[in-house]
Each structure stands twice: as C-alpha cells, then as structure tokens.
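Chains as they are written, first to last, in full-length UniProt numbering: chain G, 1 to 335; chain Y, 1 to 335.
Because the hints were derived from the structure by calculation, they are not lab data.
For each residue, glycine too, the CB sits at the ideal point set by N, CA and C.
Take the hints with a grain of salt, since some may be wrong.
A few chain G residues that don't get close to chain Y, going by computed Cβ distances all over 12 Å [said to hold, decoys possible]:
no.: 1; residue: Gly-112
no.: 2; residue: Gly-180
no.: 3; residue: Gly-241
With beta-carbon atoms standing in for the labels, derived distance ranges [claimed, not checked]:
no.: 4; chain 1: Y; residue 1: Glu-167; chain 2: G; residue 2: Leu-212; range: 52 to 58 Å
no.: 5; chain 1: G; residue 1: Ile-265; chain 2: Y; residue 2: Ser-104; range: 38 to 44 Å
no.: 6; chain 1: G; residue 1: Gly-211; chain 2: Y; residue 2: Asp-223; range: 50 to 56 Å
no.: 7; chain 1: G; residue 1: Ser-28; chain 2: Y; residue 2: Ala-137; range: 18 to 24 Å
no.: 8; chain 1: G; residue 1: Asp-223; chain 2: Y; residue 2: Val-320; range: 41 to 47 Å
no.: 9; chain 1: Y; residue 1: Pro-288; chain 2: G; residue 2: Asp-215; range: 19 to 25 Å
no.: 10; chain 1: G; residue 1: Ser-28; chain 2: Y; residue 2: Gln-315; range: 35 to 41 Å
no.: 11; chain 1: G; residue 1: Arg-319; chain 2: Y; residue 2: Gln-107; range: 38 to 44 Å
no.: 12; chain 1: Y; residue 1: Pro-192; chain 2: G; residue 2: Leu-212; range: 54 to 60 Å
Protein chains: 2
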Amino acid sequence: MSIKTIAEMTGLSITTVSHALNGTRPVSQRSMELINEAAAQINYRPNLAAQMMKTHRSRTVAIIIPATEQNNSTNCFFFDVLNGAKSRLQESGYELIVSTYPESRPQDFFSGMSILHRRWIDGILLVPPTLRYEDIARIEDCGVPVVLVDRWVKGGKLPLVCSNNREVTVEAMKVLYQAGRRRIAFIGADFPNSTAVERYQGYLDVLEELGLPRDELLICRMDAYSMSCGMEAARRVLGAGADAIFAANSMLCLGTVKELQEQGIHVPEQVAVIGFDNYEWTEITNPPLTAVTQNASLMGRTASELLLQLLDGKQPEQRVVRIPAALTIRQSHGL
Amino acid sequence: MSIKTIAEMTGLSITTVSHALNGTRPVSQRSMELINEAAAQINYRPNLAAQMMKTHRSRTVAIIIPATEQNNSTNCFFFDVLNGAKSRLQESGYELIVSTYPESRPQDFFSGMSILHRRWIDGILLVPPTLRYEDIARIEDCGVPVVLVDRWVKGGKLPLVCSNNREVTVEAMKVLYQAGRRRIAFIGADFPNSTAVERYQGYLDVLEELGLPRDELLICRMDAYSMSCGMEAARRVLGAGADAIFAANSMLCLGTVKELQEQGIHVPEQVAVIGFDNYEWTEITNPPLTAVTQNASLMGRTASELLLQLLDGKQPEQRVVRIPAALTIRQSHGL
Chain G
1 MSIKTIAEMT GLSITTVSHA LNGTRPVSQR SMELINEAAA QINYRPNLAA QMMKTHRSRT
61 VAIIIPATEQ NNSTNCFFFD VLNGAKSRLQ ESGYELIVST YPESRPQDFF SGMSILHRRW
121 IDGILLVPPT LRYEDIARIE DCGVPVVLVD RWVKGGKLPL VCSNNREVTV EAMKVLYQAG
181 RRRIAFIGAD FPNSTAVERY QGYLDVLEEL GLPRDELLIC RMDAYSMSCG MEAARRVLGA
241 GADAIFAANS MLCLGTVKEL QEQGIHVPEQ VAVIGFDNYE WTEITNPPLT AVTQNASLMG
301 RTASELLLQL LDGKQPEQRV VRIPAALTIR QSHGL
Chain Y
1 MSIKTIAEMT GLSITTVSHA LNGTRPVSQR SMELINEAAA QINYRPNLAA QMMKTHRSRT
61 VAIIIPATEQ NNSTNCFFFD VLNGAKSRLQ ESGYELIVST YPESRPQDFF SGMSILHRRW
121 IDGILLVPPT LRYEDIARIE DCGVPVVLVD RWVKGGKLPL VCSNNREVTV EAMKVLYQAG
181 RRRIAFIGAD FPNSTAVERY QGYLDVLEEL GLPRDELLIC RMDAYSMSCG MEAARRVLGA
241 GADAIFAANS MLCLGTVKEL QEQGIHVPEQ VAVIGFDNYE WTEITNPPLT AVTQNASLMG
301 RTASELLLQL LDGKQPEQRV VRIPAALTIR QSHGL
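If we strip away everything but chain G, and leave its shape as in the complex, we get:
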C-alpha cells in the first residue's frame, strides 16, 4: 500500500519503487532521490518483518575480524579486508555487520554478536582465530554459509580466500639468496594461525630447496606482533650472525628496522631485509624497504563474492581462492 502511494507520488512504477525500497535491484540516482523524498514525506517504514518472512533473508552478512590495540598499523590490514568485503556486498544490496575479537583472546571470537543477530544474519565472513576446526565449528550452528578469510583451519570444508603466503615467502627468500645471502634469519610468530604457519613453512621449504642448513639460532618465532618483539628477535638473530632477515609481519619488521638502526648496522651492505606488508612507511626507512604486498581489499571482495554465490544456492567453482601477494622491490634486499 505504501509502495503504491510512493509510486503515485513519484510517477514511477510500483516495480521500480519496490526494488528501490528493498534494495533488490539498482535504480537511477534521480529515481532514488524522488523515492527517498516521498518515503520521508509519508514517513514510510518498510515492514522488515514481512520482508524476512517472505524472503527468509535479512540481506545482512556478518564479518568477524581480529583487532589489536589502537594506533597499531596491523589494524589497517583487516580494515582493508572489511572495506573490500563491504564494497562487493553493497553492489548486491547486502549490509555488513562487523564483529571484532582481540587476537589475545581468540576464544571470544564468536561472542561479539548477540544470539538474536547470530540467528538472523544470512551469512558469515570469518577470520578464524585458531588453526583447529573444532574451535570454530559452532559457527556452523548458525545454519548459514560461512566463508573463511585470510586464514584456514585444519579440517572442515569451509570455503576460503587467503594470500599465497608460502609461495611469496619462498620468492622473497630466493631474492635474498640471489643477493648472496646464506645466513637468512626468519622472524615470525608462533601464533596458531595459518598465515604464521604458512610463512614459516615457506622459509623451511626454501632452505631445503636452496640447500641451506636449518640453523635454529636464525629462527625467532615470537608471541606477539609488536615492535618490541621485533627488536628482541632481531637482536637474537644478529647475535647469531644473520646476514639477512625475513620479517614475516609488519610490526615485527618495524622492530627489526629499529634494532638495525640502533645497532648502527648498514642495510643492505651488512644485513639485508625483506618485510611482510607494504605500508607507506616502508618508503621512509633507510634504505627503502623491499616488502611483500598483500591485496587485502581483493581478499575481502572475493570472500564476499563466494558468500553471495552460496547465498544464491550455488557452489563456488573453487573452494579455496588464493589472492596473489607480490614482492615490491626497493633496496633493502641487497644487490
């Protein structure tokens, strides 16, 4: 009835008004303005209840992502994931509810949404806080499609979109090798998540491939992505005679750079460095940093795409999509 009224007020068809109000199909900017005006004039509030009963859909998806303390640039990564996911959902008229959990309390990953909302969203994008499927299995109790983003879990069959962490680590290591480095240290995290695991695995694999010995003194896996952990790890591997450092996280890389500065070590002449994640500050280190660039936004976008396919009742062509990360070559790797 209200739709009919708005159609009469605007001179637009009932179909157009209905699509505009339900977000089921895009309409022109001008029509949207007319409809908005008319809807405001008659104080139109769509009957979400009727909508949901008719379509069994709220047209709302939740994204569950980790967050660190503020002013920590690692938050940028998941903001970019979120923003990419949102952009794709928006094109299909879906809203995005965001839920965050602290990396330090992974067991809270699912408590950021009230039960009411959990049982009412249409789908979930999840950055899992753990490697074990059992720990996240209850998310499937929601009875809606779930797509994993950035990190996989062992077991389960959930679709996944993430970077090619192992391959890009191998690539970075080979660049250091080609620059003549033979004592290449790995600084990463011993977190129970797949990005930490895959980067470490890439390091071990390439050592073997290149015929380099595995020296435990050159391996530092820390328990936090922080500058102080990066500094401590760098101190240790420098003490063990590293001639190159691969830092598998941006905060650990920042700490590495700072420790090298404080010890007055010349990069790359004395020690070469390649870092993970290519934020703009990598351009102001001395020399500018060679770093891995991930496409976080495309990761989020692709995860939404998979989820929308599942919501349409289709099976995605690929259950696992790897978004290529690439090395941005500057000067810190040597040569």
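Dock chain Y against the given chain G, drawing on the hints supplied.
Same frame as chain G, now just chain Y:
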C-alpha cells in the same frame, strides 16, 4: 514457546533464557553455552519480526566512515574509531552495521546502506564528509538519533564527539616555538572537514598569540592526504626557508619526512618536525618523531555512549564531547 522449551531443556528460568536470546541482559558464560546448545538442538530461530514489533528496535546501529585506498595507514584511524564504537555497543547488546564512503566522493556518504536498512536501524554514528549541515541533513530523515564522530558540521544540532584539534595544534606549535623556531610551516589539507579546518585555525591562532608573522609561503594546504602531497608541500615550505614543519596529518607527515631525507636535511638541527597521529613508524624515523596522539578508540566508544543515551530517551549531559589528544614527545621537535 521455544523459549519455554529451551528453559525446560536447560533448567534455567524463562527470564534468563529470554534475556540471553534477546541480548537484553548479560548471562553467565556457562548458561550461555547451555542455551546455545539447546537452541541449536531445536533449531531455534528467534522471531525478529515479533521482537521488532514489540520493542520497535532492531538493536542495530550503523556507523558511516570514510575509507581510502588500501595499504594506507590513515585507515587505521577509522578502524580504531569503529572498534571503540563496537566495544561499547556490544556491552549493551547492539550490533554495528558498517558503511564506508570514499573521501574523494563525499556525496556518496549515505548510499552505502540500502533504503531497507536505513529505515530500520536504531541509530547512526556518522563521520561527516563535509562541513555543511545541509549536505548531510537528509540523514535525519531516517528518524533515528545521529551522533557525529571526529568531525562537526556548520549548523544543525547533532551531538558530536571529536578530538581537541585546535588546542593540540596550538600546543605543538608552542613546543616548536620554545625550541627557538620562528619560521614554522603548516602542511595540512584544504578539505572541507572540521579536522582540517580546526588544525589550520589552531596554527593561525597561535601565530597571532606568539606574535609571529603569517607568511603565506609557509602554509601549504593540499588536496589529498598522500605521501606525494606531503613531499611536494615540504619542498615548497623548505624552499621558503621554513625552520620547522607542523604536518597536520600522518600521510602528509610521512611525505614530509621522506622529502627531508631526500634533501639530506638534518632533523631537528636544521628543520624541526611535529606530526599528527602517532603510528609506530614514528619511532623509526631518524630521529624518532614527536607527534600528536589521538584516542580514536575512546572517540568511538564515547560516540556509542551518547547514542545509547539518546536511544534510551535521555539527553546526553554534553552535546559536544572533546576527546583530548596529546603530544608524544620524542626528538624531532628540537631542543
């Protein structure tokens, strides 16, 4: 009826089960687990329609924030705002829908939500893309409370939570003055938003207070928060004989630092620098950067607090809340 079933299955009271399922009151972790299990077992889906009709609430709030291209650390700021807002809403059982708009297309600020959702959310947290109330007035057509975050608009009476941009700029300028600087340049943006305006106004005010002449050659207001804009602005004010630079944005500050490096200018001996926003990379510049630290998370949290008060039908004690920003003193300011 389902609530009664779950109460029987778990041995908990109907009241407890009802609060747990509706998110209206916190219940113990253990009870929550029991209720979740039982709810999953009987495939309970709460009747959101009935809920909304009874309470006229969806218990969902929207946050509308700007986003830049990816790998840009300015995105951290709004992620921290979002995360702070979410933490407070979660305590009261509200969900957060996120909508982003590109800073370069401010007119799109409101189109990130479908009309369906706009007319159904309980309240809005808005980082306005403009200075003019007229440009955002239609947001009030939603008929729900709106709280502005980070930036005000001219006119209107919307509640606001933001930093004390003017005061902290004055403070930073006085530090540079006390370090003996008399040709202090301002690098900022000529964006139509209140953070840009207030930081610039702080600069002009303090010049007058200190009896320093206003030299247009020392003022660069750029049209983007980018490293290249920062570099260009730094080139210009260095050419005009600046002995200190106040960079009113983190990306512009990064560009400033890079330009100083490339020209081989010693900081702070030749040119002193204070920047806005205190990300960790400020610790690896040579020397470490003195910078303004904003409390983005508290800003988001406080905005949620105001919105929740409005949703409870209360008027907040203060319509405008300023979250103090503070200088983090390191070495780039001189002395």
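Verification of the supplied hints:
no.: 1; hint: Gly-112; verdict: violated (6 Å)
no.: 2; hint: Gly-180; verdict: holds (26 Å)
no.: 3; hint: Gly-241; verdict: holds (24 Å)
no.: 4; hint: Glu-167/Y - Leu-212/G: 52 to 58 Å; verdict: holds (56 Å)
no.: 5; hint: Ile-265/G - Ser-104/Y: 38 to 44 Å; verdict: holds (41 Å)
no.: 6; hint: Gly-211/G - Asp-223/Y: 50 to 56 Å; verdict: holds (53 Å)
no.: 7; hint: Ser-28/G - Ala-137/Y: 18 to 24 Å; verdict: holds (22 Å)
no.: 8; hint: Asp-223/G - Val-320/Y: 41 to 47 Å; verdict: holds (42 Å)
no.: 9; hint: Pro-288/Y - Asp-215/G: 19 to 25 Å; verdict: violated (33 Å)
no.: 10; hint: Ser-28/G - Gln-315/Y: 35 to 41 Å; verdict: holds (40 Å)
no.: 11; hint: Arg-319/G - Gln-107/Y: 38 to 44 Å; verdict: holds (40 Å)
no.: 12; hint: Pro-192/Y - Leu-212/G: 54 to 60 Å; verdict: holds (56 Å)
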